[in-house]
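If you're matching them up, the sequences are chains A and B in order. First residue of the first sequence? That's 9 in the numbering used here, and the numbers climb one at a time after it. First residue of the second sequence? That's 51 in the numbering used here, and the numbers climb one at a time after it.
Simulated from the structure, these hints should not be mistaken for lab results. Don't take every hint at face value.
Below, computed lysine to any residue pairings styled on SDA-like, alpha-carbon distance capped at 25 Å [stated by the list, open to error]:
(1) A:Lys64 / B:Met69
(2) B:Lys94 / A:Gln17
(3) B:Lys94 / A:Leu19
(4) A:Lys78 / B:Arg118
(5) B:Lys59 / B:Ser150
(6) B:Lys94 / A:Tyr30
(7) B:Lys94 / A:Ala110
(8) A:Lys65 / B:Asp151
(9) B:Lys94 / A:Glu49
(10) A:Lys64 / B:Gly146
(11) B:Lys64 / B:Ser119
(12) A:Lys78 / A:Val58
(13) A:Lys78 / B:Gly90
(14) B:Lys64 / B:Gln135
(15) A:Lys78 / B:Lys64
(16) B:Lys94 / A:Ala86
(17) B:Lys94 / A:Pro47
(18) B:Lys107 / A:Ser38
(19) A:Lys117 / A:Thr101
(20) A:Lys64 / B:Lys107
(21) B:Lys107 / B:Ser119
(22) A:Lys78 / B:Gly147
(23) B:Lys59 / B:Val138
(24) A:Lys64 / B:Gly108
(25) B:Lys94 / A:Lys117
(26) A:Lys64 / A:Val52
(27) B:Lys59 / A:Val58
(28) B:Lys94 / A:Thr101
(29) B:Lys107 / A:Leu53
(30) B:Lys64 / B:Gly53
(31) B:Lys64 / A:Val52
(32) A:Lys78 / A:Glu23
(33) B:Lys59 / A:Leu19
(34) A:Lys64 / A:Ala86
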Amino acid sequence: TQLLEQSPQFLSIQEGENLTVYCNSSSVFSSLQWYRQEPGEGPVLLVTVVTGGEVKKLKRLTFQFGDARKDSSLHITAAQPGDTGLYLCAPNTGGFKTIFGAGTRLFVKA
Amino acid sequence: NAGVTQTPKFRILKIGQSMTLQCTQDMNHNYMYWYRQDPGMGLKLIYYSVGAGITDKGEVPNGYNVSRSTTEDFPLRLELAAPSQTSVYFCASSYGGSNSDTQYFGPGTRLTVL
Numbered sequence: 009t010q011l012l013e014q015s016p017q018f019l020s021i022q023e024g025e026n027l028t029v030y031c032n033s034s035s036v037f038s039s040l041q042w043y044r045q046e047p048g049e050g051p052v053l054l055v056t057v058v059t060g061g062e063v064k065k066l067k068r069l070t071f072q073f074g075d076a077r078k079d080s081s082l083h084i085t086a087a088q089p090g091d092t093g094l095y096l097c098a099p100n101t102g103g104f105k106t107i108f109g110a111g112t113r114l115f116v117k118a
Numbered sequence: 051n052a053g054v055t056q057t058p059k060f061r062i063l064k065i066g067q068s069m070t071l072q073c074t075q076d077m078n079h080n081y082m083y084w085y086r087q088d089p090g091m092g093l094k095l096i097y098y099s100v101g102a103g104i105t106d107k108g109e110v111p112n113g114y115n116v117s118r119s120t121t122e123d124f125p126l127r128l129e130l131a132a133p134s135q136t137s138v139y140f141c142a143s144s145y146g147g148s149n150s151d152t153q154y155f156g157p158g159t160r161l162t163v164l
């Protein structure tokens with residue numbers, strides 16, 4: 009059984025602050041995706057990282073895949089209320105079965 | 051394109067009742083998935099399908115059945131509802147099965163079993 013841990017579980021910050029959330033495992037993954045889920049909706053893909061050490065930027069969001077492909081981080085610069093949601097890490101162990109972490113619930117106060 | 055649609059949005063069942071959760075996608079995707087999401091937990095794969103006529107079990111298939119008679123539709127059947135099946139159910143689809151393909155999710159069905 010693979011252990012997938014996302015931290016922190018919950019984060020409440022003021023608008024304009026920076027934050028980093030983490031996704032960690034002892035397993036090596038072929039790729040990893042980050043999804044954001046807003047209340048009452050399904051998850052929406054933010055990014056896919058494939059190569060160890062890869063860094064991708066999406067406006068104020070910076071995603072990094074660990075060198076060993078066992079972990080990933082998501083950094084948000086100058087958070088805005090629109091960033092509020094559940095951030096899910098979804099590593100892939102091969103094929104088309106994707107596992108999802110429990111997520112980090114982010115609340116950005118105006 | 052409507053993307054992935056799910057019906058109903060909400061449902062309350064009594065223990066032992068049965069129901070079918072509907073899922074339709076209009077993107078001509080080969081792969082479709084059913085997940086459940088419990089409070090504070092991630093999404094767990096119930097069943098998946100790689101094309102019409104082909105389905106397979108995911109991580110938590112007990113108590114559920116699926117069929118895939120067309121590319122567009124992937125209904126999930128609960129035969130004897132139990133309180134443990136209280137959850138939010140998401141259907142998703144993807145064009146291919148590669149590890150970097152995007153999964154497109156429906157809005158979910160919130161099911162309560164009393």
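Do the hints match the structure? See the list:
no.	hint	verdict
1	A:Lys64 / B:Met69	violated (43 Å)
2	B:Lys94 / A:Gln17	holds (18 Å)
3	B:Lys94 / A:Leu19	holds (23 Å)
4	A:Lys78 / B:Arg118	violated (35 Å)
5	B:Lys59 / B:Ser150	violated (29 Å)
6	B:Lys94 / A:Tyr30	holds (20 Å)
7	B:Lys94 / A:Ala110	holds (10 Å)
8	A:Lys65 / B:Asp151	holds (19 Å)
9	B:Lys94 / A:Glu49	holds (16 Å)
10	A:Lys64 / B:Gly146	holds (23 Å)
11	B:Lys64 / B:Ser119	violated (28 Å)
12	A:Lys78 / A:Val58	holds (11 Å)
13	A:Lys78 / B:Gly90	holds (22 Å)
14	B:Lys64 / B:Gln135	holds (11 Å)
15	A:Lys78 / B:Lys64	violated (43 Å)
16	B:Lys94 / A:Ala86	violated (32 Å)
17	B:Lys94 / A:Pro47	holds (18 Å)
18	B:Lys107 / A:Ser38	holds (22 Å)
19	A:Lys117 / A:Thr101	violated (36 Å)
20	A:Lys64 / B:Lys107	violated (33 Å)
21	B:Lys107 / B:Ser119	holds (17 Å)
22	A:Lys78 / B:Gly147	holds (21 Å)
23	B:Lys59 / B:Val138	holds (9 Å)
24	A:Lys64 / B:Gly108	violated (30 Å)
25	B:Lys94 / A:Lys117	violated (30 Å)
26	A:Lys64 / A:Val52	holds (17 Å)
27	B:Lys59 / A:Val58	violated (35 Å)
28	B:Lys94 / A:Thr101	holds (15 Å)
29	B:Lys107 / A:Leu53	holds (24 Å)
30	B:Lys64 / B:Gly53	violated (31 Å)
31	B:Lys64 / A:Val52	violated (32 Å)
32	A:Lys78 / A:Glu23	violated (31 Å)
33	B:Lys59 / A:Leu19	violated (28 Å)
34	A:Lys64 / A:Ala86	holds (17 Å)
The structure does not agree with the numbered hints 1, 4, 5, 11, 15, 16, 19, 20, 24, 25, 27, 30, 31, 32, 33 stated previously, though it agrees with the rest.
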